Amino acid sequence: MLNEASCVIAIFFFLSVHAQDAKEIVKRADDRAKGKTSLANMTVQIVRPNWSREMVMKTWTKGNDLALILVTSPVKDKGIVYLKRKKEVWNWVPAIERNIKLPPSMMSQSWMGTDFTNDDLVKEASIVDDYDQSILKDTTIDGRTCYMIQMLPKPQSSVVWGKVLLWIDKKDFITMQAEYYDEDGRMVNTMHCSDIRILGGKLLPAKIEMVPLEKKGNKTVLIYSSLEFDKTIDDNFFATQNMPRVQ
Amino acid sequence: MTEKLTWRNLWRNKRRTAITMASISFAVVLAIVIKSLQDGVFDNLIKNVVSFYSGYIQVHKKGYQDEQVLENSFILSDSLIKKIQQPAVKTIVPRIESFTLASSGNITKGCMVVGTDPEKENELTSLKSKLIQGAYFSKDENDALIAEGLAKRLSLSVNDTIVLLGQGYQGAIAAGKYAIKGVIKFGQPQLNDGLVYLPIATAQNFLSAENIATSVVLAIDDPENIDVIQQSLASKLNDKYEVMTWKQMMPDIENHIKADAAGFYVWTGILYLIIAFGIFGTILMMTAERKYEFGMLIAIGMKKIKLGKMLIAETILISICGTLTGMLLSVPLVLYLQKNPVHFSGNRAKAYENFGFEAIFPATFSGSVFVSQAFVVLIISLIIGIYPLWHVSRLDPVKAMRK
Amino acid sequence: MLIKIAWRNVWRNKTRSLVIIAAVAIGLWAGFFLMSFYNGLIEQRIRAAIETEISHLQIHHSQFLNDYDIQYYIPSAANLLEQTEKDPLIKAVAARVVIKGMISSASGSTGIQINGVYPEEEDHVTQLGRKLIDGNYFTKEKPYEIIISEKTLKKLKLKLNEKTILTFQDKDGNIAAGAFRIAGIYKTVNTPYDEGNAFVKIYDIDTLAGIAHQCNEVALLLQKGKDVENVKRRLQKEYPQLEIKTWTEISPEMSLLVAASDQTMLIYMSIIMLALAFGIINTMLMAVLERTREIGMMLALGMNRIRVFTMIVFETVFLVFAGTPVGIVLGLGTIAYTHKKGINLKQFSEAYSSLGYSSLIYPTFNIRQFFLMLAMVIGTAFIASLLPARRAFKLKPAEAIRQ
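Residue numbers (numbering that gives the first Met the number 0), protein chains in the order written: chain P, 0 to 246; chain U, 0 to 402; chain D, 0 to 402.
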């Protein structure tokens, strides 16, 4: 009887450790890509069947709650700033000299015409806390061995997905791929990361592709040209007053 | 021989013939007038609903009705307009519409920006008449018209600036500031709380959508022909476009109208009943009056069948004459009602006008109404004409002549 | 003496008299029935709207309806609820938290009005439970249940038991969100209503919104519709700072309907009366024609013309008075019967099945209309008698006898 009990306990322990592992893995991957603060230069490409567009941006982040995005190209959009503070998103547009806080009706609209929504800017920090993670198996993506992690949203989390699958590189904890499913098990979005190189002193993907499966021929590509981590950035930097001034 | 007799009979008893014919004519007039009024009310209802915003027919890029986003738009080319132009199409209004944020001070509200041709839009929806403050916008300027409800929520008025921010065409950011030229009021809250009008060129510039439109809205000359016109347009345009009537764009309203129409059948049925009674009474009296005459004819040897044939001829002749006369008399009456509709007054009128509806009871002048109603009355008369035949068939000449 | 003669004349020619009596009876029957039918139609629509959507009265904070701003919840709601629940004139009370926000799924999102309700009370006031076409009504145990319309379900590509995210601005202007599971799917005939409304339990949303244990809307369903103004006045006196609206104020379309119906009915009734009048005129004219000899004889025998005139008028009046009770009985009988059974308009138009005002109409009776109708018919008949009487008046005795 003691044997059985300890067996059960061992299995239980093992499982919970494993679950802990999954959460830890996801957290590690997430922290790695963010650092305490980050400053990135990137290009955003919007690809559509009939047209495409390219924008160049500078992005500052601090922790999970603060982020500022400045558009530097094309000329028409130069100077546009997005500010995220916790759950709020602000938008500064030089052409109208106005700073507008996005109401709930705008949150589900596309962000700058990409396949990301304004909501995604706010929500992406939640993958650690809003989900229950578990490791499914090991697979290989682009020659790298990865954990395949299943994330199921906690009952009260306000995420629309029924399930998210993540592929995280075992050695360097790089998120290689993600698949987003609705509750019917239908895959709605996929995200693929590639072009792994040294950015900001870490091995990270320089190219991230987001493909919405409902619309044929649509995708959004983020290309990082440079990244700097853990530079000191004051909280005041992430303020609405700073939006018109930031360079 | 029978015809001569028939004719002479009718002519000899002018009074009797006149009264009989009058009852039929009157029935025809009544039936035509009531149907013209019914049709008038329905057509007016549709006209009011349609001229709020949607127009009778719209041309979109295929798929726009299901997903009304800026990406589902098309190029407004001259060749497209030429294809749409037809004698039956009275007005062609190009529009570009997009969901946008409107902001003033600290308040931000979602709204619908409508870029349109100011003069043509007015022809279609009488937008000018809905102006309650300021002046109407013009295509040579960049000023906006704002709906009253939205103006209130944003605390904006004439000469203030409205800030618009949204998603433009093909991923561009749409951001602009516009002066408010005027405030318009709609009866429908959905429109009154959310519309901002801009001249179409200004809107296209705002959305970075040069020469693009999301819909072309059409006013047509004769609403009865709407389906024919739709077919003709659809065949001229290739399948990159969809051509939709208001019925397809607002199926609920169509159902509502159909349901109302059902109620009217009950009315009309009862009217026919009363009309039939009126005619019957007349024929009854006429037959009674001629009892002696019939008795005499049979007594001197006329076969009942022949008499019957003669009566049938009389009935047909009177019915047709009565019907025709009725139709002729109806023409000026219906024309008059069409040009000078009955007006509601008082509280009723106010309720209508608050809604943006005209408080009138109009009539439609339609050939088919004339023909169809006259036909019904004709049939009723002919059926009633069977009574004298039946009477004759049972006639005992001796008794009849005993008067 | 004249009266005696008139009376005897009436009975002498039974057929003619019967026709007129029948015409009057039918006119009255038609009039009563149509009015009651129309009453039933309107009443049914109004009742449907009140009992399933807007209720008789709605109470809000005076500022709430401007913008649906959550900070404007109803102060002293507990008092209000206690008082209204005890009021004998009030049948049911429902308190709600109403929020304008967004509802999303993996496939998209759309604007929605979130109605946080008390399940039982809501069902009493708007019959929410009965609107379900799939799934179940709210349970006590399961948290975060949501009931959405079939339209919304399809738009967001969701299924029963799947989750949806509600997003909105809370009392302090921050964005709040919550995950809710679809417990039930509802459908009404009012598509815009369906597209715009979702229901959750009030205690699942009030804290999220920042107004725990408060409500911002109270809807009242009364025992009797006519008490509306009365109850409104009483409550307004007691709570002067709250905004209390009647159903006509909440829904301008409804007041339009009510306003329009009276006028429309009057016009149709007039036309029916005209038909009746002519029927009577024609028949009596023909009758006078038939009696030319007899009348000529009377005149020749020295009867005063005026008396002849009056005699005809009396005859018509008798006939009308004979027909009236028949008409009343027929009319009331039909109304009583159809009132119990209801008339199903489905057979006239299948537009009804998609519409959902239930196609069942219960004609209802109205004393004021009854007397109006009676006056109209009798007046019409009387005036109708004048023309034939005049005809008789003008007869030349010598010619007349010779007929």
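Hints were generated in silico from the structure; no laboratory data involved. All of these numbers come straight from a predicted model, not from anything done at the bench. Worth double-checking, as some hints may not be accurate.
[Unchecked claim] Per the computed footprint, the stretches of chain U lying under chain P, defined by three or more beta-carbons under 8 Å from a beta-carbon of chain P, are:
1) 102-113
2) 157-170
3) 173-186
[What the hints assert, rightly or not] A few chain D residues that don't get close to chain P, going by computed Cβ distances all over 12 Å:
4) 90
5) 105
6) 177
7) 312
8) 323
9) 396
Cβ coordinates follow ideal geometry from the N, Cα and C atoms, glycine included.
In rising order, the numbers of the hints this structure does not comply with: The structure breaks hints 5 and 6; every other hint is satisfied.
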